[in-house]
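Chains as they are written, first to last, in the working numbering: chain E, 55 to 534; chain D, 12 to 186.
Since the hints were made in silico from the structure, they are not lab data. Be careful, since some hints might not be right.
What the hints assert, rightly or not - Derived contacts from chain E toward chain D, CB cut-off under 7 Å, selection only: (1) ALA225; (2) GLY228; (3) LYS275; (4) THR369; (5) SER397; (6) GLU479.
We put the beta carbon where it would ideally sit given N, CA and C, even for glycine.
The chain contents come next:
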Amino acid sequence: MTFPARSEQQNADPCNNPEGAGCSPVPRNAASPRHIAKGYAPMLRTFIAAAFCGLALPFAAASEPLHLELGVGVIEPLPFAAPTFVAENPGAAEIAQAITQVVAADLAGTGLFREIPSSAFISGVTSFDAPVAYADWKAINAQALVTGAVAATSDGRINVKFRLFDVFSDAPLGDGLQFGGGQGDWRRIAHKVSDQIYARITGESAYFDSRVVFVSESGPKDQRLKRLAIMDYDGANVQYLTDSSTIVLAPRFSPAGDRILYTSFETGFPRIKLMDIATVSARALAELSGNMTFAPRFSPDGGTVVFSLESGGNTDLYSMQLSSGQMTQLTNAPSIETAPSFSPDGSKIVFESDRSGNQQLYIMSASGGEPTRISFGEGRYGTPVWSPRGDMVAFTKQNAGRFHIGVMRTDGSEERLLTASFLDEGPTWAPNGRVIMFTRETPGAGGGAQLFSVDITGRNLRAVTMEGAASDPAWSPLLP
Amino acid sequence: MMKVSSILLVVGALALSACNNPDRYGAGGAGGAGGIGGAGGISSGALGDPNDPNSLAYFQQTIGDKVLFAVDQSTLTPEAQSVLAQQAAWLNNHPGNTAIIEGHADEQGTREYNLALGARRASAVQQYLIAQGVAPNRLQTVSYGKERPLAVCSDEACYAQNRRAVTVIGAGAGV
């Protein structure tokens, strides 16, 4: 079980930031920050629960550092307080409040944290550098405290500082940090603050400063209009990348997040296109043959595309080097082979095939060759996506008239269904491999598609807050 | 007198059933709507008279431009083969026309798989028409997967209409 390289970098060097919002350490507060031994304390502390129950305090409780272990099925969200960030000048007041709200929404939205309402606060935070009144935060059971300050400069930039405190250890959790950027970057800066808090408490990289490319839908069911769009992971800042003059399907991010592959009916026939997001310019992939090409995905190095090509009614998998246009046929079978997805190290491809009689999941070498079937449960399995951590495959399962989003280990073991509905499909992984976003469609003439997310433990199922119908989400990597 | 009028009645009944027949596959999605209105029929202005064997309306309604498939299947049923034999005959009588065969699937499937399944269905129709003598270079296929349902309910009544292949005669030629 290994992390992809970018996660390591994100953890090791949060200030490595070539463009946009810059960050740097904030001078330390009175108390010196302690080193947090990751993974040392396995669970959320039981301090408060024990106190409320009138039990004797566990001996080590007060000295255990704040830590939330992911993947063990957190039952009780960790309570945190995020008093409105201090506006260091009058022009920063509105933006300080907005940033605080986004940080709190990011954390609470994970289902791992619970925001304590400001009405419960005993003391306020009026100065970023004032000593923390730990007792006041302990009294309302705030296990984590986030404080911050925002300054707006006359040239349209903002500077955002924050600190995270482990209330019951009477100490900061890590160093204070500051981020600088344009006022228009305020949401991204807020997400970067949230990313830091999540990473410090869980010991894992986060996913808040990321984007999702998807298909925006409108119009009646038999004349659905579809257009590509991109938004922040939380549904904010929707921008359209195409108009709705032709059907577009299943966009996928490049590993650097700067390009997308998708399928377009622009010529009247489904064809893969490659778009540069910054310029919103797209070109068709130069496939050499075939009637229809679809289901594209990038290799982890961004240099190769794997996709389905249909010819004479038969669909097989191919790869193409983007630099040379050289194509390689990876499967050669009379069955349907589609929905390919690379392993994070680029050595293998997971895909679906109905060679056994119905849709099942298979893994083969990235250069083709004999595949190994990994799904053996009841029903049909499709749209496999390899997790960014490399340890699991997410999929769509169809069984007994219901659709499910599920995950299994790459050897097919430990299958776990996370959702069930009339029609769930098309999972995409958050950059840290802890959350899955997917399409849920409601039945009937008035039915429509909506984006949902769910934790890979099966908890925290929720609709993504956004206007209008949407399908086919694909999550970007964590932004630099 | 009696004899003549009874013959006229028989002819009339035959004409009516000939008009009913093309709507077997529910061209409007409403299952058998239209039809008995006679020669006026559906869209007769643009497509010609469905009783005129050279018209597009004849191909779409009298022969039937759609064939239907069982769940997750691309095998042509005997009914489908009967329709396709007539489609092939029409195409062979109208060598100036081309056709695009659209394959479709119902919504009970994943998007990518349904695209591939629609391609299988379109290809099955294409192969049948070629076997009946239609030149391969006159026939193209395309799959819409589950993107363009004909009927919008989420029951088998609608799904059965959506698992289809539609032979669309090339515009601008013939008629």
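Hint by hint, here is what the structure shows:
1. ALA225: violated, 50 Å
2. GLY228: violated, 43 Å
3. LYS275: holds, 4 Å
4. THR369: Nearest chain D Cβ about 4 Å off; hint holds.
5. SER397: Nearest chain D Cβ about 19 Å off; hint violated.
6. GLU479: holds, 5 Å
Hint check: violations occur at hints 1, 2 and 5; the rest are consistent with the structure.
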